[in-house]
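Asker: Now for the letters of each chain:
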Amino acid sequence: MTSVLSILVSPLLWLALFSGIYGLQGLSCELDLDTTTFAGISAARALLGAAWLAAIALQATLLAALHAGRFSPEGAFVRWISRATGWTGLVATIWTLFPVAVTSTCG
Amino acid sequence: MEPAGPAANTIATLWWVMLAGATAIFVLVTVLLALGFRSKEAAGDEKRQERSWIIGLGLLFPSTVLLALLGYGLWVGERLLPRDGPDLVQVQAEGRRWEWIFGYGDLPAVRTLNVLHIPAGRPVDVAITTSDVIHSFWVPRLAGKLDAIPGHVNVLRIEASQPGTYEGRSAEYSGVGYDHHGFTVIAHDAAGWQNFLESGR
Numbered sequence: 001m002t003s004v005l006s007i008l009v010s011p012l013l014w015l016a017l018f019s020g021i022y023g024l025q026g027l028s029c030e031l032d033l034d035t036t037t038f039a040g041i042s043a044a045r046a047l048l049g050a051a052w053l054a055a056i057a058l059q060a061t062l063l064a065a066l067h068a069g070r071f072s073p074e075g076a077f078v079r080w081i082s083r084a085t086g087w088t089g090l091v092a093t094i095w096t097l098f099p100v101a102v103t104s105t106c107g
Numbered sequence: 001m002e003p004a005g006p007a008a009n010t011i012a013t014l015w016w017v018m019l020a021g022a023t024a025i026f027v028l029v030t031v032l033l034a035l036g037f038r039s040k041e042a043a044g045d046e047k048r049q050e051r052s053w054i055i056g057l058g059l060l061f062p063s064t065v066l067l068a069l070l071g072y073g074l075w076v077g078e079r080l081l082p083r084d085g086p087d088l089v090q091v092q093a094e095g096r097r098w099e100w101i102f103g104y105g106d107l108p109a110v111r112t113l114n115v116l117h118i119p120a121g122r123p124v125d126v127a128i129t130t131s132d133v134i135h136s137f138w139v140p141r142l143a144g145k146l147d148a149i150p151g152h153v154n155v156l157r158i159e160a161s162q163p164g165t166y167e168g169r170s171a172e173y174s175g176v177g178y179d180h181h182g183f184t185v186i187a188h189d190a191a192g193w194q195n196f197l198e199s200g201r
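Keeping their order, the protein sequence lines are chains A and B. Here the numbering used here is used: the first residue of the first sequence is 1, the next is one more, and so on. Here the numbering used here is used: the first residue of the second sequence is 1, the next is one more, and so on.
FYI, nobody ran anything at the bench for these hints, they're computed from the structure. Check the hints yourself; a few may be wrong.
Straight-line distance between alpha carbons at most 25 Å, and here's what the computed DMTMM-like set of lysine to aspartate or glutamate pairs gives [said to hold, decoys possible]:
(1) B/K145 with B/D179
(2) B/K145 with B/D106
(3) B/K145 with B/E198
(4) B/K47 with A/E30
(5) B/K145 with A/E74
(6) B/K145 with B/D87
Distance ranges between label pairs, derived from CB positions [what the hints assert, rightly or not]:
(7) B/V27 with A/L5: 25 to 31 Å
(8) A/L5 with B/S52: 31 to 37 Å
(9) A/F18 with B/L113: 41 to 47 Å
(10) A/V78 with B/L60: 22 to 28 Å
(11) B/G164 with A/L12: 52 to 58 Å
Every residue, glycine too, gets a C-beta built ideally from N, C-alpha and C.
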């Protein structure tokens with residue numbers, strides 16, 4: 001069970017972050033946060049950019065934990081797979097949430 | 001479908017760039033597969049092979065191409081967004097089964113059925129909505145398509161480079177009869193557009 005969890009935790013976290021941040025984008029449009037600006041940056045852009053960076057930090061922390069001795073899973077095969085899915089989760093978070101952080105927020 | 005406006009040109013170029021990127025990845029993977037069946041180097045070279053074939057060519061090459069395509073796609077998407085600018089014309093399009101009703105920002109009292117009049121050579125923002133179910137506004141030679149959503153207005157930027165008549169249609173299945181849910185866009189030259197505005201006043 002612990003092995004399955006360590007293998008799936010990063011992709012599952014990415015899934016939750018993806019849904020959450022795109023949901024946040026819809027909410028920021030509904031609340032007109034894209035028209036409220038602070039120092040030339042819209043509130044929606046600042047919020048989504050911060051959420052994206054926080055998501056990357058969360059995935060990176062999880063990956064570091066999977067590499068660290070204390071949290072590293074037992075067994076060479078499970079350890080290798082867990083780290084691979086950890087890297088996949090981190091890259092997926094950077095890649096798939098990049099558009100929502102940098103492009104125009106609301107149509 | 002020959003592009004007849006800046007947005008359609010941009011989309012056509014995007015399509016060709018995406019095709020070129022996909023072809024490059026497909027060709028490389030095919031070549032790698034063929035080489036994988038062909039040669040076997042000495043066992044001591046396995047680490048080096050892993051680095052160059054799997055990481056270098058198998059991962060880095062497709063990732064680089066996909067990253068470039070993603071960046072280009074996002075840049076194109078930004079360019080296609082309706083933004084404020086000079087000479088902008090505002091029109092409205094309301095879909096319903098099975099017709100399109102068009103309104104004009106310069107002529108609030110005028111409505112046209114299944115025919116949209118626009119000036120050629122000027123950007124036109126179409127505010128799209130629907131009074132029944134979801135439809136999709138699409139003039140293939142002028143721009144991409146955009147959904148008409150009940151209770152919501154989506155704005156699509158279209159532009160015709162030259163005067164002419166362009167076919168439009170709904171690109172969303174919305175019940176039996178949707179295949180005839182079309183309309184026509186007439187792009188006028190400057191004098192023709194002026195005549196249209198004056199005749200509507």
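Asker: Hints broken by the structure, by number, lowest first?
Answerer: Numbers 3, 4, 5 and 7 - these are the hints that the structure violates, sorted from lowest upward.
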